[in-house]
Amino acid sequence: MMEQIAFYSMAGLAVVSALAVVTLRNTVHCALFLGLSLAGVAGIFGVLGADFLFASQILIYVGGIAVLMIFAVMLMGRASDLTLRQVNQEWLAALLVCAITAAGLLRGAKAYLGSVAAGAPAPSTKPLGRLMLGDYVLPFELISLVLTAALLGAIFFTRKETLPSGGGK
Amino acid sequence: MTLAHYIALGAVLFVIGIFGALTRRSVIGILMSIELMFNAANINLAAFNRYLHPEGVAGQAFALFIMTVAAAEVVVGLALVLAIYRNWDKTYMENINLLKG
Amino acid sequence: MEFPLLSLITFIPLAGALAVLCLPKDSRRAIEAAALAASAVSFALSVWLYFAFDRSTAAMQFVERHAWIAADAVKVDYYLGVDGLSAPLVILTTLMSLIALIASLGIKERFKEYCFWFLILEVGMLGVFESLDFFLFYVFWEITLVPMYFLIGIWGGPQKEYAAIKFFLYTLAGSVFMLLGILALYFKADPHTFDMLALMKIHGTLSFRFQVLAFLAFYFGFAIKVPAFPFHTWLPLAHVEAPTAISVILAAVLLKMGVYGILRVNYCMLPLGFEWFLPILVLIAVINIVYGALCAMAQNDMKKMVAYSSINHMGYCLLAIAGVSATGFSGAAFQMINHGIITGALFLLVGVVYDRAHTRDIGAFGGLAAKVPVFAGLMSLSCFASLGLPGMAGFISEFLCFLGAFPRWKIYTAVSVLGVIITAAFFLRMIEKVFLGPLNKRWADLPDMNTRELVSVVPLAILMVALGIWPKWALDMMNTTMVSLAGLFK
Amino acid sequence: MMIENVWLVPLLPLAASLVILFGGREREDSPMPFVGIAAMAASLYISLAVIFDAATGAAALPFEKEWLWYSFAANLGGQPSIFEMRAGVLIDGAAAVMLGVVCLVSLLVQIYSLGYMHGDRKFKRYFAYISFFTASMLGLVVSNNLIVVFACWELVGVSSYLLIGFWFEKEAPPYAAKKAFITTKLGDLGFFLALLLIFTYAGSYNLVRLKETVEMGYLPPMVLTLIGLGLLCGAAGKSAQAPLFIWLPDAMEGPTPVSALIHAATMVAAGIYLVARCYFFFLASPIAMETVAWAGLITAFLAGSMALVPYDIKRVLAFSTVSQLGFMMCALGVGGYTAGLFHLTTHAFFKALLFLGAGSVIHAVHTNDMRSMGGLSKRMPWTFLTMTVGCLALAGIPPFAGFFSKDQILEKVFEHSPVMFAVLVFTACLTAFYTFRMLFLTFWGDGRDHHRVDHAEESGAVMTVPLMILAALSLVSGWALEHGHAFASFVGSGGAAGHAAEAAGHAAAAGHAINPMVLAAGVTAGACFFIALAYSLYAGRDFSRAQRLKSLFQPVFDLLEKRYGFDAFFLGLVDLADRIAVLCRWVDIEVIDKVFVDGWGLLCRVAAEISHLFDALFVDQAVDGCGYVSRDIAGRGLRSLIARGQVQEYMLYLAVGVSLFAILK
Amino acid sequence: MLNLALLKSEIVLGALALGLLAADLLLPEGRKRALYGLALLACGISLFLTGSALLPAPGVFGAGVPLPLPTGGGPAAALGAGVGTLWSVDPFSLFLKMVVLGSTVLALLLTMDDSSIPDSEAGSFSCLLLLSAVGMMLLVSATDLLLIFVSLELVSIASFILVGYERRNPKSNEGSLKYFIFGAFSSAVMAYGISLFYGATGATSLVAAKPQGAMALMGLLFILVGFGFKAAIAPMHFWVPDAYEGAPTPVTAYLSVAPKLAAMGALARLLTALVPAGSMDLTLLLSLLCGLTMTWGNLVALFQRNIKRLLAYSSIAQAGYIMMGIVTGDAMGLQGILIYSFVYVAMNIGAFALAVALAADRSDALDPYDLDSFDGLSSRSLPAALAMTLFLLSLAGIPPLAGFIGKFYLIGSAVGTAHYGLAIVAVLNSVVSVYYYMSVCYRMFFTAPRKGARVPRFGAGIYAAAALALAVTLFFGVFPHRLAVWAQFSAKFLP
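Protein chains in written order, with the working numbering: chain Y, 1 to 169; chain R, 1 to 101; chain H, 1 to 490; chain U, 1 to 665; chain P, 1 to 495.
Because the hints were derived from the structure by calculation, they are not lab data.
There are no misleading hints in this set.
The list that follows gives simulated cross-link-like pairs (lysine to aspartate or glutamate, DMTMM-like), each with its CA atoms no further than 25 Å apart:
1. H:K188 <-> H:D77
2. H:K188 <-> P:D330
3. U:K170 <-> U:D575
4. H:K371 <-> U:E26
5. U:K122 <-> H:D445
6. U:K170 <-> U:E26
7. H:K441 <-> U:E171
8. H:K371 <-> U:D29
9. P:K8 <-> Y:E141
10. Y:K126 <-> R:E55
11. U:K65 <-> U:E4
12. U:K65 <-> U:E84
13. H:K472 <-> U:E84
14. Y:K110 <-> Y:E3
15. P:K451 <-> H:E109
16. P:K451 <-> H:E161
17. U:K170 <-> H:D361
18. U:K550 <-> U:D369
19. U:K170 <-> H:D448
20. H:K108 <-> H:D448
Computed from a predicted model, the values in this text were never measured in an experiment.
Working from the sequences, and respecting the hints, build out all of it.
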């Protein structure tokens with residue numbers, strides 16, 4: 001029962017906030033709701049007993065990404081953003097597509113109606129650590145390269161043009 | 001709670017993400033929607049791991065990777081948007097329209 | 001290792017092309033010398049081939065075979081050889097190339113590039129006739145396209161670009177289907193092979209449906225080249241726009257590749273498909289003959305007229321093939337040679353008049369015979385040869401064509417004999433309008449042919465008479481092969 | 001034995017023609033013609049020696065000798081094998097006679113031409129052509145192989161083309177030459193098909209072997225009939241039988257000696273000769289025979305009637321030739337092998353004579369129009385005299401040559417069918433009429449065009465001597481050859497098919513044969529009557545009576561002058577062909593090209609447009625955005641509201657695809 | 001069983017890429033170009049390490065003796081190949097790694113002479129280039145969806161940045177942004193797909209997976225989207241023209257080749273591993289996509305007036321040809337993928353090299369990459385015109401150039417596996433493609449040069465790249481045996 005309450009509240013939080021993210025006009029609000037939605041997802045992780053994931057979600061997503069988004073929005077926001085429609089004119093077609101996809105996916109999900117969790121969730125932090133430094137060491141290291149590349153890109157794009165660089169147009 | 005509930009939740013989030021990605025007019029809005037999609041995947045992974053394949057933590061590990069990758073993408077994306085904003089003060093997708101076929 | 005005669009014949013022009021490429025643009029003499037030498041040596045070697053050719057066997061001769069690609073999935077040999085069907089065509093190719101090259105010495109612009117492309121073209125043409133490996137065959141087949149594109153497109157007439165790309169795309173469209181056919185055959189053979197001789201032996205294992213489809217794929221490729229109705233419309237355009245020497249090559253050699261292919265591939269490898277297609281083939285042949293001739297009759301442009309007459313003449317070849325008899329095959333094979341010589345000469349001569357008068361409009365002339373008797377004589381001779389006058393080469397082959405087709409297709413043959421008279425009509429009309437009657441004052445000081453032009457045309461004129469009087473020279477090369485060809489499926 | 005060397009007969013003139021054509025420069029006084037004349041003389045010598053040998057029995061006829069020409073792969077008996085095409089000579093009686101006639105006439109014509117063509121710019125070339133012409137004809141005569149016969153047949157056509165169009169600087173000759181070539185070529189189609197049939201069913205082109213095959217009855221009757229008709233078709237073209245005679249009157253555009261050669265010995269004789277040479281085919285097919293007879297009959301009558309009206313001296317002669325050829329054809333058709341060939345021979349002499357005589361006249365008065373002549377008998381006595389002989393021969397007045405040969409034909413025809421006989425007799429009378437109409441118009445009375453006639457002079461010896469020789473021959477040949485059935489036995493000595501059949505026919509027809517004397521007398525009387533009629537109409541100063549007659553029968557005259565509409569018919573045919581050709585050209589450019597070439601391109605283009613449009617919708621945005629970014633940011637802000645987001649459209653599109661697939665699976 | 005030593009070439013390359021960053025800091029401003037040299041050196045080392053693994057392979061570099069068939073770990077192990085937890089180093093991946101490295105080398109050579117990238121950025125640029133190369137090399141080795149996902153992301157992120165490298169060029173920015181949005185979207189879809197796949201099979205490994213059921217299928221479809229995006233398969237190609245036109249040309253050249261080929265290789269591995277094992281048949285879908293890709297790319301290319309866009313669309317079509325090998329999935333098709341990848345690198349980058357060389361003269365023009373740069377090239381520089389012609393003809397698949405050999409294999413496999421429709425579509429497409437390739441030749445040979453056009457100058461880098469590409473295009477067209485044997489050897493190691 002507890003599980004159900006937790007699930008439905010968290011799921012509701014995630015879904016409603018997500019809807020707010022994609023429908024609201026004010027981008028700042030959107031970003032805030034994104035944080036909420038991500039937090040809802042973190043709650044779901046908690047319900048699932050994925051403790052490390054729960055923590056990471058809070059740390060990385062809610063604490064990192066969502067905040068970054070809010071910063072970005074604030075940085076680049078304009079007055080008009082608050083009043084302009086934030087949805088383009090294809091929303092109806094998009095809605096249709098989404099409905100179809102949702103129908104397909106939910107139909108697929110129905111197949112799992114019968115499966116229930118076996119046993120209590122085991123703490124996952126330790127096995128995750130083993131995995132990351134064991135079998136998954138290569139992707140783990142590779143992710144560092146991904147982050148390096150992203151960093152390089154971020155530096156490159158956000159750096160102010162300082163010197164008139166040679167040869168550039 | 002059955003697995004179906006989680007999968008359905010993932011599906012709904014995913015679809016909302018798609019909807020947002022398809023309809024938001026600002027780049028940041030699109031980025032946010034995409035984050036929702038990533039999260040949907042993560043829910044799936046965690047749920048599957050818990051319900052169907054509880055013997056390991058591969059699903060959760062994957063979710064971690066996805067999280068990191070998403071973070072990296074957000075970083076690059078925001079930097080890019082910032083650069084463009086600085087250059088021309090444009091964050092709306094449809095305004096970026098220089099290239100023609 | 002035997003003396004690689006065929007390789008030398010084929011690749012000496014390539015060496016020439018590379019040599020030309022290395023020479024500086026301004027040293028025209030050297031370029032001329034290199035190009036002519038390459039072509040001439042190739043021709044000389046093919047003359048040797050003529051004398052060394054064993055006329056008593058239908059087997060492939062001068063065979064060269066080396067592994068080229070020896071992977072599991074694709075086994076390709078560098079496999080050359082000639083028999084009585086291809087050897088005369090090889091000789092024709094080297095001869096016409098040399099002659100066309102001589103005729104193109106008058107080209108003033110971008111001569112170096114011209115020689116380069118021309119020699120590459122020669123390599124491709126020779127290779128097509130010599131290849132016994134399908135892969136190699138296709139490679140050479142395609143090699144001919146590119147130089148032709150440039151030769152028409154750079155040195156052609158007013159609509160040259162359109163003609164060039166039309167030629168390229170259209171023949172390419174045909175040849176890619178041929179590629180599909182080649183591959184289909186390849187996979188049907190067990191073990192998979194591109195060896196054309198081996199593929200001739202597997203038809204027993206091929207289903208009727210397969211043969212029909214493969215036939216159509218190949219036919220599409222070859223028919224465009226022939227060109228068979230209704231795939232012929234690229235030809236007049238290409239001919240009209242191409243420079244003289246290239247028209248010569250186009251008519252004399254390139255069209256033969258189609259007929260050669262139909263004989264070598266469609267007939268030898270896909271007998272059931274061939275049999276199934278025969279009624280259509282003969283119909284197409286008749287249309288080619290009669291319709292081609294009629295179209296030629298309505299032309300005012302000399303070159304276009306000759307081009308359509310080519311369509312008519314290739315119709316004879318198709319008709320002969322449709323006869324499925326040794327006689328027909330001989331006729332077709334011989335007709336290819338003769339058409340090459342005769343139409344080559346005609347295009348050269350049309351080029352001669354165009355160079356001087358800058359028009360090819362039949363109506364613009366009149367009475368030239370009095371002014372340029374040598375030209376008029378050679379032109380009339382070629383026209384008469386082309387309309388199948390006995391004593392000239394065309395007659396024997398046309399006759400053999402009809403003779404070959406007649407036992408099987410009496411009515412069709414009878415109808416296509418009409419083509420002969422239409423041909424006569426338009427050639428004579430052309431002669432009448434251009435050479436006879438009162439001299440059109442506009443051409444009062446038209447010069448007669450110069451030495452270069454004579455050197456290029458006279459050998460052909462001699463050949464067309466010589467082969468008409470003494471066809472043995474050519475037919476003996478073919479006979480054994482034709483007998484064995486006709487006996488393949490008895 | 002001279003007969004061994006008979007292959008030289010055609011080759012000598014051929015060599016001569018090449019020598020003349022390529023040797024020396026084109027000069028008005030080139031000595032080259034003598035090469036031709038010498039070669040011709042040598043050929044004549046050989047021919048005469050052959051005839052002599054054969055007549056004396058020193059050489060056995062038929063004589064055959066052949067060599068390998070070429071070989072080709074052929075399916076004989078269903079089995080592919082190498083067929084050897086052999087070519088050589090086959091001399092039987094008819095061939096021997098023809099050799100003599102052709103050589104002789106040609107020699108005389110060449111000598112005559114020395115005078116006639118004197119001063120022409122293309123003097124040398126003319127003789128080259130003539131030699132070539134003769135060579136072709138001789139080749140046709142001697143060859144034992146039908147392919148060679150056909151080849152020579154066509155070469156005859158070409159040389160006639162060259163000769164008729166000899167004065168190509170003028171308008172008319174080239175046209176006439178082309179007409180002659182094409183018309184005969186039309187007939188050749190039949191010949192060609194016959195050749196195809198022959199090889200397909202008999203597997204050989206050797207005349208001797210073919211004869212054996214046919215006589216053994218190996219060929220189905222239907223095929224034989226078709227072969228016969230095909231050959232007839234060819235012969236009709238060359239020998240100007242109805243309806244293919246239209247070329248012959250136009251062929252008068254050539255130099256007159258050429259006309260003489262064409263009409264006497266070479267070209268038109270070829271058709272008759274072909275039928276005679278391939279007589280075994282016709283004998284095997286009654287339908288073919290009958291067709292030959294009727295074709296000949298109709299031609300004889302039509303041409304004879306058409307000869308009544310023209311004023312061009314050569315045209316009259318031309319029509320008369322056609323008519324006479326009809327006689328011969330008719331004779332062959334009714335089984336009169338000997339008679340036909342006999343008439344061919346005698347006709348060669350007197351027709352050559354008439355043409356050369358006419359040439360002499362034309363040479364003198366520089367016109368063909370007989371209305372401008374008249375009274376030339378005084379100015380050109382030799383010509384007049386010889387031409388009178390010719391006319392008498394043509395009209396069939398005894399004892400001139402034509403009488404004997406025509407008599408034989410009429411006898412034969414009577415045996416075959418009285419109706420045909422009646423028509424032929426009437427035609428023979430017409431012959432007498434138009435012949436003498438011509439003679440009277442030309443020579444009688446006073447000169448109508450003094451300007452021309454008064455300056456007319458008798459031609460030189462080089463022209464008159466051939467006339468005299470021919471006149472002598474016209475006078476005696478009939479009688480001499482008829483005497484003791486010399487001609488018949490000689491022609492038959494080769495065991496020619498026709499002769500044997502004729503013998504059989506004689507026996508069968510003995511019942512209703514006509515009395516030769518009665519026939520001769522009747523026909524002669526009729527001819528004389530018509531000559532008298534001609535005299536009354538045309539011998540006077542003017543021809544008012546003729547005019548009155550004409551106005552009386554105006555429609556008939558019109559019909560005759562229009563040549564029964566045959567010309568118009570063929571012109572219409574040509575016109576039709578032209579229209580079809582133009583239609584074809586249009587179809588080719590507008591339909592075939594569009595459908596099979598440009599159509600593909602168009603299809604491709606449309607597909608490309610569609611996909612491009614699609615891409616353009618997303619990629620292009622149809623907004624000329626280039627450069628706006630830096631300039632017009634504020635304004636864009638509003639306008640962008642109605643613009644669309646492309647990247648998202650891409651994704652939308654993608655999502656549609658994926659979701660649809662998700663549903664479908 | 002980590003076997004990380006098998007990946008020494010990737011590890012070394014990655015390390016050297018980071019080393020470049022360090023070197024960037026050390027070098028003075030004016031000397032940054034030397035970093036290109038260092039990057040080339042890094043590629044060279046990696047290439048050597050990769051190649052040395054192949055050295056024992058008989059019939060590839062040595063004499064043409066029959067190849068030992070791969071049985072278990074035997075000969076493969078002898079080749080320095082082997083399997084790690086998530087990856088497999090086998091001749092198949094080695095082949096594609098060499099292709100990737102080769103294209104990186106060529107792209108670096110082009111970069112050296114291209115003015116669009118400021119010298120001061122040489123360090124980060126070449127670092128990113130090498131990082132993406134590392135990503136691709138791992139991508140073609142990966143046998144687990146995790147590694148595939150992560151390496152694909154590395155490639156993507158590096159590419160986003162590379163495309164936007166002309167920071168002040170609006171086109172570059174725009175291209176990069178579009179590329180990014182679309183890339184992120186498809187990554188998310190792919191991630192979701194992987195999650196579904198994981199649910200259905202319980203693992204992310206390709207080796208053990210037995211995908212069954214609707215969820216697995218949907219998962220696979222979503223995964224395909226990710227690959228399709230990377231390999232620019234229609235209809236996931238829309239980013240291509242904009243990104244290609246906006247990117248600095250060497251990057252365009254690089255992107256049109258390497259990521260595409262790597263993704264194709266990985267896709268081939270994925271599908272050969274999964275599809276025969278499961279009960280689902282993706283052939284129809286794949287062949288539809290394949291046909292669509294070819295046709296779309298070619299048809300739209302007909303309209304392009306900009307050489308970069310033209311080559312961009314043509315590269316979409318080329319991806320379609322390569323995909324044929326995946327659709328058929330037989331030995332010949334897989335070999336075709338390899339052979340075509342190899343030659344495609346040479347001919348496509350060769351064409352780009354000439355485009356770069358010509359654009360260098362047109363800095364004044366509104367669009368230096370307009371097709372009219374090629375006007376009258378034959379009279380300005382016949383060798384350049386001929387080289388370009390050969391590249392284009394090779395792209396069109398005209399023998400005896402290398403492109404034909406590849407196309408022959410691919411079409412051959414389509415015919416051999418009875419995909420006749422696909423084969424017909426492919427050959428018709430190559431006819432269509434000839435039209436626009438020839439339109440470039442038309443400009444080079446049939447038109448007069450623009451006023452003031454000069455004889456194009458070739459920098460050493462471009463010259464080397466073009467010469468190398470030309471040599472490969474010609475040599476392997478005429479003597480394809482070695483390449484064929486090598487590809488055959490390599491393709492045998494796929495499951």
